[in-house]
Amino acid sequence: MKPAPFAWHGPRSVPEAVTVLSEHGSQAKVLAGGQSLVPVLAMRLAEPAHLVDINKVTELDTVTTTPSGVTVGALARHSRVEHDAAAARAQPLLRQALRLVAHPTIRNRGTTVGSLAHADPAGEMTAVLALCGGSVTAVSNRGRRVIAAADFFLGPLESALAADELAIEAFFPAAPLRAGTAFVEIARRHGDYALCGVGAIAELDPAGRLTSLRCAYLSVFDVPLVLDVTRSWLSGESDAAEQARSAVDPQTDLHATADYRRHLAGVLTIRAARQAISAAEQGAFAA
Amino acid sequence: MSEPSEPRYDVPLTVNGAHRSARVVARRTLSDFLRHDLGLTGTHVGCEHGVCGACTVLLDGAPVRSCLIFAVSVAGQQVTTVEGLGKPGEPGSEASLSPVQRAFRECHALQCGFCTPGFLTTITAGLAANPAPSRDQAVEMIAGNLCRCTGYQNIVDAVLRAAELTGADTPAVQERQ
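Chains as they are written, first to last, in the numbering used here: chain A, 1 to 287; chain B, 1 to 177.
Hints should not be assumed to be uniformly reliable.
Just some of the chain A residues that point at chain B, by a computed CB distance under 8 Å [claimed, not checked]:
| no. | residue |
| --- | --- |
| 1 | 5 |
| 2 | 38 |
| 3 | 50 |
| 4 | 53 |
| 5 | 55 |
| 6 | 100 |
| 7 | 103 |
| 8 | 188 |
| 9 | 189 |
| 10 | 193 |
If you're looking for bench data, these hints aren't it; they were derived computationally from the structure. Yeah, the Cβ is synthetic: ideal placement off N, Cα and C, and Gly gets one too.
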């Protein structure tokens with residue numbers, strides 16, 4: 001249970017980190033919080049020759065909220081994002097989902113952008129980024145690009161980041177006007193990986209009628225799955241649940257069968273949607 | 001644990017208020033650094049992949065898994081281990097124990113004791129953030145730590161008792177009494 005040897009690089013700035021990645025990218029991994037990467041190294045499921053440790057690149061330890069949304073730097077720990085009041089007001093899904101990310105002790109070290117780069121389809125923050133239509137900004141010696149969430153998650157643990165690219169920040173758009181959000185999941189114990197989780201954004205028109213209801217699913221598909229369930233919901237809650245059950249593609253493992261996870265996708269769709277619509281109606285989260 | 005050619009790095013830390021330093025390979029975890037390089041064996045290593053919580057220490061005051069952090073990543077930072085929770089005094093005496101440690105003794109919140117250092121650090125930080133937790137909040141506070149002996153009930157009792165003891169230690173409460 002000890003990691004294999006690696007060459008350690010401790011850049012102090014983004015340009016330094018990018019330079020290292022341009023030289024060693026194909027054999028390097030970026031280390032931020034390490035709450036997913038270090039276990040992988042300890043179990044020797046991966047043995048990267050180079051580790052680019054960005055824990056001293058303090059310029060990336062930022063959470064910035066503007067009327068358009070929340071920008072989270074690559075060194076911002078989950079706990080910092082979770083406790084940022086302005087960020088929670090702009091995009092309530094951040095705090096709603098972050099309180100379900102592992103345990104507080106893990107959130108004190110793990111980073112939000114790191115969990116996106118890890119691209120685990122069981123990760124809460126991947127679902128949030130996909131649901132609110134956010135993006136990840138990557139830099140390399142070749143330049144800078146913004147990757148939309150829809151193009152970022154390619155498969156389980158596979159993101160669109162190239163080997164020489166560093167994800168420097170993620171952007172979570174603010175919740176729309178007259179919108180409500182919710183994030184619910186079922187786990188064996190609080191803080192464990194979710195057997196299934198659902199995030200929802202409901203939008204109302206000025207008369208209070210539902211105009212849009214979208215849900216994101218974790219742990220039941222290869223990538224964060226986003227469904228527009230507006231029409232099915234308006235024809236009945238059970239129709240929306242059925243839409244979710246037929247869209248997901250869960251796997252059986254020792255924690256739950258595929259059938260049970262599929263069942264949960266339906267149940268949690270109704271639960272998340274009701275909460276999101278109720279929140280929108282109360283105007284609690286209206287911009 | 002090092003290959004002959006593996007580079008070593010100076011890692012200075014402030015541990016329990018004292019300046020400590022050692023020269024280690026980059027893959028040295030903070031838990032092994034504390035135990036093997038600094039001789040602070042109070043921090044226990046259980047699963048070594050972040051599940052059990054036995055290795056929890058406070059990094060700049062916040063609880064973290066020391067087995068999931070490389071020592072070189074936290075050079076220059078402050079670490080508090082279970083050895084740093086108590087107060088000066090005869091080891092094991094009432095006066096030497098922190099409120100959380102006293103509560104563990106009173107409530108019989110440990111049996112074999114392997115997981116205890118991780119619980120003590122976690123609860124110490126948890127009570128600093130929430131000095132008067134409900135029973136549900138106490139359960140959630142320790143949800144990231146595994147104990148295979150106690151069944152947790154006495155540990156939850158100890159969280160609540162430690163909150164009482166901590167409150168009684170604060171001047172405002174003493175004045176009211």
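Quick rundown of the hints versus the structure:
1. 5: holds, 5 Å
2. 38: holds, 4 Å
3. 50: Cβ of residue 50 (chain A) sits 10 Å from chain B, so the hint is violated.
4. 53: holds, 5 Å
5. 55: holds, 5 Å
6. 100: Constraint on residue 100 (chain A) not satisfied, violated at 12 Å.
7. 103: At 3 Å from the nearest chain B Cβ, residue 103 (chain A) passes the 8 Å test, so the hint holds.
8. 188: violated, 11 Å
9. 189: The hint holds - residue 189 (chain A) has a Cβ within 8 Å of chain B, the shortest such distance being about 6 Å.
10. 193: violated, 11 Å
In summary, the numbered hints that this structure violates are 3, 6, 8, 10.
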